[in-house]
Every structure is written in structure tokens, then in C-alpha cells.
Amino acid sequence: MEILPRLHLFKMAAPMKIFRELSRKGFDPRHVNHGPITRSMFCQPCGKQTVHYARASSVAASTEPSAQTREPVPQPPPVRSIFRTPVSNPVNHGLEQEAQFYTIPPDEYKTMFPQDHGMPSRFKKQVDTFTEACIMVRKPSLEVMSYLQQANYSHPAIRYVFYGIRGTGKTLCLCHVLHYCTKQGWVVLFFPKVSNWVKNVKEIQPSFHNPERYDQPLEAVAWLKTFKVSAADSIKELQTQQKYQWNKREATEQGRPLLEVVEQGIARPKTATDCVGVIVKELKDQANQGRIRLLVAVDGVNSLFGRTVVRKPDRSMAYASELSLTYNLRKLVRNDWRGGAIVTAVKEAGFLGMEGEKKDHRRYTRHEDHPDIYHDILDHVSARPQTFTPEALLGKEGFEYMDPYVPVLVEKYTEKEIESCLDYYTDRMWIQNEKCWTEAGRQQLKFLSGYEPADLERICGPL
Amino acid sequence: MLAGGLWDRSNMALPMCGKTASCRLFMVSAPRWGLAVEQVRTVVWHETYQEPVVDKEYFRKPEEIDGLAHTRPVKSALPTQSTSIFHYPEVTKFTSYVMKKGERALARSIVEKAFEHMKRHQIKKYHEAPPEEKPYIDCNPVRIFHTAIENCKPVVGVQSVKRGGKTYQVPTPLTDKRRRFLAMNWMIAETRDNRDWPSQSFAKKLSSNLLEAYQEQGKVVRKKYDLHKLADANKAYGHFRFW
Chain A
1 MEILPRLHLF KMAAPMKIFR ELSRKGFDPR HVNHGPITRS MFCQPCGKQT
51 VHYARASSVA ASTEPSAQTR EPVPQPPPVR SIFRTPVSNP VNHGLEQEAQ
101 FYTIPPDEYK TMFPQDHGMP SRFKKQVDTF TEACIMVRKP SLEVMSYLQQ
151 ANYSHPAIRY VFYGIRGTGK TLCLCHVLHY CTKQGWVVLF FPKVSNWVKN
201 VKEIQPSFHN PERYDQPLEA VAWLKTFKVS AADSIKELQT QQKYQWNKRE
251 ATEQGRPLLE VVEQGIARPK TATDCVGVIV KELKDQANQG RIRLLVAVDG
301 VNSLFGRTVV RKPDRSMAYA SELSLTYNLR KLVRNDWRGG AIVTAVKEAG
351 FLGMEGEKKD HRRYTRHEDH PDIYHDILDH VSARPQTFTP EALLGKEGFE
401 YMDPYVPVLV EKYTEKEIES CLDYYTDRMW IQNEKCWTEA GRQQLKFLSG
451 YEPADLERIC GPL
Chain B
1 MLAGGLWDRS NMALPMCGKT ASCRLFMVSA PRWGLAVEQV RTVVWHETYQ
51 EPVVDKEYFR KPEEIDGLAH TRPVKSALPT QSTSIFHYPE VTKFTSYVMK
101 KGERALARSI VEKAFEHMKR HQIKKYHEAP PEEKPYIDCN PVRIFHTAIE
151 NCKPVVGVQS VKRGGKTYQV PTPLTDKRRR FLAMNWMIAE TRDNRDWPSQ
201 SFAKKLSSNL LEAYQEQGKV VRKKYDLHKL ADANKAYGHF RFW
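If you read the protein sequences in the order shown, they are chains A and B. Residue numbers for the first sequence follow UniProt numbering, so the first one is 1 and each next one is one higher. Residue numbers for the second sequence follow UniProt numbering, so the first one is 1 and each next one is one higher.
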């Protein structure tokens, strides 16, 4: 076989030899193209896409891992605006702190939200990653806080409803208000994500005293546990006002501390749901008598007036008022009591829809003017009613139940807020890409997220 | 980045009714790196179609109307091309290797999730570190990715050659493309058949593999050393190399 002489250049065991020789001299052989002319040599100018960053470790191909070279990585530039406020007490928050982040002190965060319950899942991760819990002071929460300051508490409790499209921070506004009321020394009843109680039902049993209703022992115990941590200080002095018979043998006498009821529920899951009802009733009574100020915070209040996934023994679906937990909660959002406030949020997420309502699962719809044209339902704006408003989410029954209420719209970020948020993310190293630190990168992030808070956080994830 | 080559410029004055692609087998194109012969058997575009230009600055400039370039239709851009400033060709290439059955959106979301896991891991480390350690902790997932892939690239490979009825593994230099291909696909293969952590998601396993390779540790880097050893053991067959 005849071999062209030109191709004979390196035909021995050259590669390993060259490699060892070069690495002995401390030269990086990786970018050296050994051997004859190859196609990749032609490709160099346009194939030069490799980004050569600082290497993490030395080149020498030793089998044991070498220590990282001490080479500092590029750090983000110092931020330009004031994005963080040192005022950590929401009682002192005003319009001058608007669009700035405040830190919830870690111990308060742990007592208010034991095991992060009630926080959006992305925010939970963020708290873990940033090792701090920061919430932006935004207009809707400031608005509700100023209402709470000025309200007359000898009148029936006023209901506030946060509403807005998905991912605008309704829950975090609710948590901000909750922190405010805790700081004021109110008793706080926080019901996070009520849709979990009608949707992710783990176990049901017929109620002890009313066979028409169904108890959810596991959910009730979980709630009682968090309530015990978060409200331990504020309900220390409260006592039961009557005797409660849990079953044949067990009872709580009149004049016992209310915490005993909580303990009872945690120890005996069968009675836990009734314990929640008793706590709700007691606190409502005590607020009526003016002994305490009561804040009822319900996240996803529309789930109280909708369908559930629970099937009754006769194979028909149970309605939300047939579950004891939601039944008690419905009594709480009724404004037949005074000495407190009800702050709620309506949510599209996790909502199962109203009774008898047919859900539109179509992906395409006919255009109104040209019936021959099919539209993607997301593009066809007039085909979709505004689904995030309280009237749409509460339905007829819920609206009549909740009326009158104060709707508070939670909107997307404004220009000032998104600048502050980007600065915060840069400061916390969440935005890592060098290109995001430039003006063009910031513009692109704003464009991609469309000023939506949750989307902005999500888009910055892999950057 | 200009997606097209010189071909569409030089042939601008081609008659519109040229020979159809069906009767040609090869096309001589002149990209930047020299002459090349490209197959046209499976090309769906007519020869008059222009290459798309993926460059925002190109379109910011006013259009020059000379010749008939603006009258010719344009091929559709590839899904791997993007004008985003957050676009990294290496990451896109890796996404294509992760992809199965053409589900690029899914593959992309998986890779992005893996990047996010890496970043969360590093950021947490950063915030918990003492202040003098902080500037040395790298949190940029793209930079970690590039370093990890660079650490996995083999320097020499082997090629099987048949001589006298026997197959020899002959050590050979590798092209840059081949090195990148090996590094990325070892990374994916190691992640796919990770037996230590079977119930974990692909993204999570990928992130841990990338972080290991970033520190020149782990299975993928060991695979690279194995190949080096094989090439070293077979250096006696070097003379079989005729290419």
C-alpha cells in the first residue's frame, strides 16, 4: 500500500510523547493541534466559539485532584441605587421605603412561618439560598396597612382582598401585612394556601358530632402545630369560656388555657379538626369582647366557595362547606364579629372551579368576526374573561358571602420596583452573568420578564 | 455572528432560473475558512434562498439596495441560532446532545434547571463563607459549565485500525470538535446511568456531575484519564497511523 509522503508527518506514537514533553515544560497542550492538517484547522476562525474562562485547576493530568487555584472571579459591580431599607419593623414602613427590600429578622421569620409554611415554593428556596428572608415593600401592602391603622374596630371587621394575575406577589403582600399585625401584638390566624385543603386531601373521616361533614385530621394537625409555634406568645393568657367534650372520656373544662386545646388536637388527631373549630370560635368571641385584636389571613379564599376532590359515600362530590375545616373558615370570614380584620387573597392557582361551572379546556377557539379562522385561545383576548378578579374567582355565592370587601390590586413591577429588584438580585449574586450587569442586559431581562415578579426570578435562575 | 457565508454574497448575481437542486449533487460554497463541498441532496431550500443573518446590528443599519439581494427569499433560521445576549453556543450544543426525540424545549428546561441547582449550591456556599474566602467562590453557572467541560476534554484518543485480521487501538490526536463531543457525551452518559442516585432528577444529577468535573474530580474526569491511559498503553501501535 502506497502512502502519500505528505501524510507521514507524525506517524509514530507522537501524541503521547508530545503531550508529556509539553506538560513537563508547563505548557498547556490542550489548545495545540497535533498531527497533520485537519479540517478543524480550517474551522478555527468560525469555530472559535469556546469562551476561555479562568481555569479552575491546573493543567497537569495528575490522577489526584489538585487544589483550586486562588484566582478571584469577577465580582458584580457596586449597585447604583438604594434597594434595601434597614427598617425591619413594618409598623414604621411608609411611602419612603416603597420599592425597597426589608429583611424579616430570622427569629421572627421562624416563629411567624414555621417550616416556611404558606410561602410560595420559589420564595422558600430563595430564603434558603440567600440565607435571609427579604420582602419588597410594595404599594398594595402599604395601602392595607394604612387602612388597618385607621379602621374603627368597634365596627364589624373589614375584609380586604388582594387580587392580581399569577406571580405578582399577592401572598408576599399578605405576609407583609401579617408581619405588621404580629408586630402590633395582634393574634394572627394564618391559613396558608387553602386550596391544599380541598385539593390535596390526604385523609377524611366523618365528623364526630355532625355526620354530614368530613374531618381532615392530618391537615388539621399540621395547622395546629404551626399555630402553636406562631401564636404561642399572643394566646398565652387566653382561657376557654365553656366546657368542651371531645369524646366520651376526654374534655376540656371551662377556664383552662387555650393552648391546652391546641395540645389536645395535636395529641389526638381524631379531634384535631374540632379543635380548630373551637379555636376559631373562642378567638372570635374574645375579639368580640375586645380582649384581643384578631387578624384572619386567608390565602386563596376562593377555594372556600368551590369544588373539592372529596367523594362522599354516595359517590357524589362534596362541596367546600361540607368539609369541617373549610366550614369553620367560612364562619371566620363572615363579618359578624368585630375587633379585628380579615385580609385575604384570591388565587387562580390550585383553584378547582365553582360548583356547576364548566371549565374551558379548549386550546383553540374560533374568531368572533371570522368563524373560519381558528385562534390560539391565549392569543384571542376577547375569548377569555378576566379570570383573576375577585368577582370571577369567588363566583356568585362567594361574592354574596364576602360582600362588602375592599379589593386591592397587586400589579406587576413598576420601573422603580424592577430596578430595585434587579439591584437586589445582583447584590445577592442571583444575577451572575456579566452581560446582565450592563444596561443592555438589564433591558433584556425587563423585556423577557414583562415586569412580572415571579417570571423575573425564574428567568434569572440559569443566568 | 453571521450565519451565512460568502456564498450568498458571491452568487447574488446568479440567474433566478438556475439549475434546480434535484439534479445537482454537490455545491461549492465559500465559507470563511476556505472552499468546501457541501451535499445538496437533502437540502429543502432552492438555491436562490439566502442564508439567514442572526445579528441585530446588521438589521439596525439601513438596508443597502444594490443588486437583487433584497428580492431573494431567506431560509428559516436554525433553532440553535439566537440573537439573545444570553446565548452561548457551547450551552446550545450541550442542550442538543441532551435532547431526545427533538424535544428541544424540554432539553433546554432540563439544562437550565441543572444550571439553577449549581448556582443555588454555589450561592449558598458564598453567603455562608467567611469574607476573605468569598471572591474565590465562583457562582456563575455558565462559567462553571465551561470549565467543567474543558476539564473533561481528552487530549489524545484512539482509533481502531484493522491490520492482519486484528484490530488495534491506535493512539491519535483528536480534533476540537471530537474532544468537545466526547466530553459532553461522557457527561450525559454518566448522568443517565447514575446508579448511586437513581430516583433523583436528571437536572440534579447533571448539576452534581458538572460541579465535580469543575473541581477535576468525579467519574467523567476519570473516564478522560482512562482514555489517556489506553492511548499510552497502545503507543506501540502508533506506526499504524497513516492519516
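I should point out that these hints are in silico values taken from the structure, not numbers from a laboratory. Since the structure is predicted, the reported quantities are computational estimates derived from the model, not experimental observations. We put the beta carbon where it would ideally sit given N, CA and C, even for glycine. It cannot be assumed that every hint is accurate.
[Stated by the list, open to error] Among chain B residues calculated to face chain A with C-beta under 7 angstroms, some are:
id : residue
1  : THR42
2  : ARG120
3  : PRO135
4  : TYR136
5  : ASN140
[Unchecked claim] Simulated restraints, written as ranges between beta carbons of each label pair:
id : chain 1 : residue 1 : chain 2 : residue 2 : range
6  : B       : TYR97     : A       : ALA267    : 23 to 29 angstroms
7  : A       : PRO106    : B       : ASP193    : 38 to 44 angstroms
8  : B       : LEU106    : A       : ALA251    : 56 to 62 angstroms
[Claimed, not checked] Far from chain B by the CB rule (all over 12 angstroms, computed), these chain A residues:
id : residue
9  : VAL73
10 : ASN89
11 : LYS125
12 : SER146
13 : ILE165
14 : ARG256
15 : SER321
16 : ARG338
17 : HIS370
18 : HIS375
19 : GLN386
20 : ARG428
21 : GLN432
22 : ASN433
23 : PRO462
Going down the list of hints, with the structure as the test:
At a threshold of 7 angstroms, the smallest CB-CB gap from B:THR42 to chain A is about 20 angstroms, leaving the interface hint violated. The interface hint given for B:ARG120 holds, since its Cβ lies 5 angstroms from the closest Cβ of chain A, which is under the 7 angstroms cut-off. Evaluation of the B:PRO135 hint against chain A yields a held restraint, the C-beta minimum of about 4 angstroms falling below 7 angstroms. Contact between B:TYR136 and chain A, as hinted, is supported at the beta carbon level, the nearest pair being about 6 angstroms apart and thus within 7 angstroms.
Among the interface hints, the one on B:ASN140 holds; its C-beta lies about 4 angstroms from the nearest C-beta in chain A, closer than the 7 angstroms criterion. Distance hint check for B:TYR97 and A:ALA267: the Cβ-Cβ separation is about 56 angstroms, which falls outside the suggested range of 23 to 29 angstroms. Restraint check, A:PRO106 to B:ASP193: a C-beta distance of roughly 42 angstroms satisfies the suggested window 38 to 44 angstroms. Distance hint check for B:LEU106 and A:ALA251: the Cβ-Cβ separation is about 58 angstroms, which falls inside the suggested range of 56 to 62 angstroms.
Separation of A:VAL73 from chain B is inadequate, the least Cβ-Cβ distance of about 4 angstroms not exceeding the 12 angstroms criterion. Separation of A:ASN89 from chain B is adequate, the least Cβ-Cβ distance of about 24 angstroms exceeding the 12 angstroms criterion. Distance to chain B contradicts A:LYS125 as a non-interface residue, since its nearest Cβ pair spans about 7 angstroms, not more than 12 angstroms. With a cut of 12 angstroms on Cβ distances, A:SER146 stays outside the contact zone with chain B, its closest approach being about 34 angstroms.
Non-interface call for A:ILE165 relative to chain B: holds, since the shortest CB-CB distance, roughly 22 angstroms, exceeds 12 angstroms. No beta-carbon of chain B comes within 12 angstroms of the beta-carbon of A:ARG256; the shortest separation is about 45 angstroms. At roughly 39 angstroms from the closest C-beta of chain B, the C-beta of A:SER321 stays outside 12 angstroms, upholding its exclusion from the interface. Distance to chain B confirms A:ARG338 as a non-interface residue, since its nearest Cβ pair spans about 45 angstroms, more than 12 angstroms.
Annotated as non-interface, A:HIS370 keeps its C-beta farther than 12 angstroms from every C-beta of chain B; the closest such distance is 27 angstroms. Distance check on A:HIS375: its Cβ is at least 22 angstroms (rounded) from any Cβ of chain B, clearing the 12 angstroms threshold; non-interface status holds. Annotated as non-interface, A:GLN386 keeps its C-beta farther than 12 angstroms from every C-beta of chain B; the closest such distance is 28 angstroms. Non-interface status of A:ARG428 relative to chain B is broken: a Cβ of that chain comes within 12 angstroms, the nearest being about 7 angstroms off.
The non-interface label for A:GLN432 is inconsistent with chain B: the shortest C-beta to C-beta separation is roughly 4 angstroms, within 12 angstroms. With a minimum CB-CB distance of about 6 angstroms to chain B, A:ASN433 fails to clear the 12 angstroms threshold, and the non-interface call is violated. Once the 12 angstroms rule is applied to beta carbons, A:PRO462 is inconsistent with being away from chain B; the minimum gap is 4 angstroms.
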